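As you go down the protein sequences, you meet chains C and U in turn. Under UniProt numbering, the residue at position 70 of the first sequence is numbered 70, and the numbers go up by one with no gaps. Under UniProt numbering, the residue at position 140 of the second sequence is numbered 140, and the numbers go up by one with no gaps.
Since the hints were derived computationally from the structure, they do not count as laboratory data. As the structure is a computational prediction, the values presented were derived from the model and not from experiment. Glycine included, C-beta positions come from ideal geometry on N, C-alpha and C. Keep in mind that a hint or two might mislead.
Derived list of chain U stretches under chain C, where covered just means 3 residues or more per stretch with a C-beta under 8 angstroms from a C-beta of chain C [claimed, not checked]:
#: 1; stretch: 19 to 29
#: 2; stretch: 90 to 102
#: 3; stretch: 187 to 197
#: 4; stretch: 212 to 223
Sample of chain C residues at the chain U side, in silico, Cβ under 10 angstroms [as the list claims (entries may be wrong)]:
#: 5; residue: Ile39
#: 6; residue: Ala115
#: 7; residue: Pro246
#: 8; residue: Glu326
Incomplete in silico selection of chain C near chain U, CB under 10 angstroms [as the list claims (entries may be wrong)]:
#: 9; residue: Pro11
#: 10; residue: Leu22
#: 11; residue: Gly63
#: 12; residue: Glu70
#: 13; residue: Gln191
#: 14; residue: Pro198
#: 15; residue: Trp220
#: 16; residue: Gly228
#: 17; residue: Thr244
#: 18; residue: Met249
2 protein chains.
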Amino acid sequence: MPLVDRVLLGPGPCNPYPEATLALAAPLLGHLDPEFLRILDETCDRLRTVWGTTNRRTLPLSGTGSIGMEAAFVNTVRPGTVVVVGVNGLFGVRMCEVASRYGAEVVRVDHEWGAPIDIRRMLDAHPKPDLVAAVHAETSTGVLSDIGGLAQAVHARDDNALVIADCVTSIAGMPLHIDEWGVDIAYAGTQKCLGVAPGLAPFTFSERAWARRVERPSTWYLDLGLIGDYVSGGAGGGRTYHHTAPTAMIASLHAGLGRILEEGLPAVHARHQAAGAQLQDGLAELGLKLFAADGHRLPQLTTVWVPEGVDSATIRTRLLRDFDIEIGAGAGEYATRVWRIGLMGPNATPARPALILAALRSLLG
Amino acid sequence: MPLVDRVLLGPGPCNPYPEATLALAAPLLGHLDPEFLRILDETCDRLRTVWGTTNRRTLPLSGTGSIGMEAAFVNTVRPGTVVVVGVNGLFGVRMCEVASRYGAEVVRVDHEWGAPIDIRRMLDAHPKPDLVAAVHAETSTGVLSDIGGLAQAVHARDDNALVIADCVTSIAGMPLHIDEWGVDIAYAGTQKCLGVAPGLAPFTFSERAWARRVERPSTWYLDLGLIGDYVSGGAGGGRTYHHTAPTAMIASLHAGLGRILEEGLPAVHARHQAAGAQLQDGLAELGLKLFAADGHRLPQLTTVWVPEGVDSATIRTRLLRDFDIEIGAGAGEYATRVWRIGLMGPNATPARPALILAALRSLLG
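In isolation and in its complexed conformation, chain C is listed as follows:
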């Protein structure tokens, strides 16, 4: 079969940075090779820079973004642990599900989909939670929430609670200041603004969280104590084999991060900001209505109402067939009523919004 070459403007994966693709094709290294361990160490350092953290336990977990969510909860939830979850989209719903499977008492704070998390309502939901969790950039709705403000407000009231942030769609697309904000645990995915194929979950876990971790979590694969002994060495300094690290994917993440840091994080963030503004302005000019609340829209992921009388699936199929462009359907009850258009990683350039706007103009016109 001939290969197809798509322009990936859905909610992720995006097209990878060329450096990330080339690294996948480089000679494979073993997971205990000194040269691979150097790459792994440097990858963790680069992740610290992108997260804005000095957390020792900062590493890529061996699974896709969702495994980061699992790791966050399996290492912190005991039966009866009180978890306040802000829900303003699909990934907030998923947090409730994951935490409850580990026996958490979940206090779900529902918001309208398309609106940001309300810090006041999160604080009012429970007087003394163990964990407070929310999504920074909701992939399902295209909404940005003030995760820094939430973390600061939680700690100002009660220094006991740990704050968990889902940064799957925000990482490398907008500034993250995990330490300054007081976020204790955060996870992400590689296939969004990091511009790397899906398959790893960048993860960071503070000393405060470590002090209160579950000692023997039910999922051995995600036991941070054991993983940490391999990634950054155990108490004695030596590295202990845990599982075979996905070496090709880690080399690819290393290369993608290298590209981003060489360009410079502020420039990369500005590029995402500009591309998103160009797209959102252009959609308005086409007469389309944006879904996410004004003032809280993600530049890297735009949600837009499907115009009255237009069949969502038909347009997406024609974009794929005639233009080799993928965009996303809406999530949940908005599946047929909203489109999701991502401009992430190398797709955050003026050419991509120009292309998708031209294609939509011709199909809707």
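Using the hints, position chain U against chain C.
Frame of chain C; chain U shown alone:
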């Protein structure tokens, strides 16, 4: 930094088939792209052929081999489930740990490391187990066990028990007849005889196992019901998003499997057999002693005693530095006393044993 190009003769990863590497560098596809779904479907079909199964639930899980072990137990173990585990190496030990974290009553049947699983002792260990688990090809010791004989004996006595087989190092290196043997659940890794980079866990789950699964396993990421709705479609036939599949790695597995099936499984198995025999004969000629019990040695992974007076680490370091060859240290208490030499995937050719034997001759000389 310049790239290094290793000959990977450790216990895995091996060097990938060139087709698998090229697929990693192909244009990335989205996880809902019809073209990707075609590749995914074909990958599952190819895995069925390699496993020797018609199980509908046959798929690559999104993690390294160990996540297959997690998935096997999290989907079958309830508190108090009786699991008889054959332990003749590190991965048997790990099965006990993983199952016990999910609340299993583990009946551990210890064998000497280097010896195969004793079917009689497995049967005698418990009169009515819920699960019987063992490793087909122990990566830590280089030993093959008669997993088919074990499964048949278990079912002959008591049709209630489900049989779980770890096939991480056996898959595509030797014949697997999951259905014919009566193995209910099996998992593997991509980085051994499949000749693909690490990052996926081929997995198969029978209808019998499905009928007795845990309905809401604690690990959402490994909930087979939810994953199945994406990989092979739900009750209504449609596919439901679960997590973003690692599309590049799956395309690579698809290509590696394509290469193997084009060559033909019997030819691939014979190639592994011949390369292993060549290595083991050559090691004996060098005066080295093999570790695994005679008659139960894996051709794809040879364990050999480090000769008296030789420092294991020094030789491995010189192999890496002077020859760009990686071999493995021993596992557990044999770390400094045994070497593990893999001839897997594209390394199962006459050239590789010739190379490592020449290198060892010159270093031990």
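Evaluation of the provided hints:
1. 19 to 29: That given contact holds, which follows from 8 residues of the stretch 19 to 29 of chain U lying within Cβ reach (below 8 angstroms) of chain C.
2. 90 to 102: holds (count 5)
3. 187 to 197: It holds, with 3 qualifying residues against the three required.
4. 212 to 223: holds (count 6)
5. Ile39: This hint holds: isoleucine 39 (chain C) lies near chain U, its Cβ roughly 9 angstroms from the closest one there, short of 10 angstroms.
6. Ala115: Since the shortest Cβ distance to chain U is 23 angstroms, the answer is violated.
7. Pro246: Check passed: Cβ of proline 246 (chain C) comes within 4 angstroms of chain U, closer than 10 angstroms.
8. Glu326: Check passed: Cβ of glutamate 326 (chain C) comes within 5 angstroms of chain U, closer than 10 angstroms.
9. Pro11: Where the cut-off is 10 angstroms and the nearest Cβ of chain U is about 9 angstroms from proline 11 (chain C), the hint holds.
10. Leu22: Where the cut-off is 10 angstroms and the nearest Cβ of chain U is about 7 angstroms from leucine 22 (chain C), the hint holds.
11. Gly63: Because about 5 angstroms separates glycine 63 (chain C) from the closest Cβ in chain U, which is inside the 10 angstroms limit, the hint holds.
12. Glu70: holds, 5 angstroms
13. Gln191: With a minimum Cβ separation of about 6 angstroms from chain U (threshold 10 angstroms), the hint on glutamine 191 (chain C) holds.
14. Pro198: Holds, about 5 angstroms.
15. Trp220: Given a least distance of 5 angstroms, the restraint on tryptophan 220 (chain C) holds.
16. Gly228: Not OK, violated: glycine 228 (chain C) not within 10 angstroms of chain U, min 16 angstroms.
17. Thr244: Hint on threonine 244 (chain C): holds, closest Cβ of chain U at ~5 angstroms, below 10 angstroms.
18. Met249: holds, 5 angstroms
In summary, the numbered hints that this structure violates are 6 and 16.
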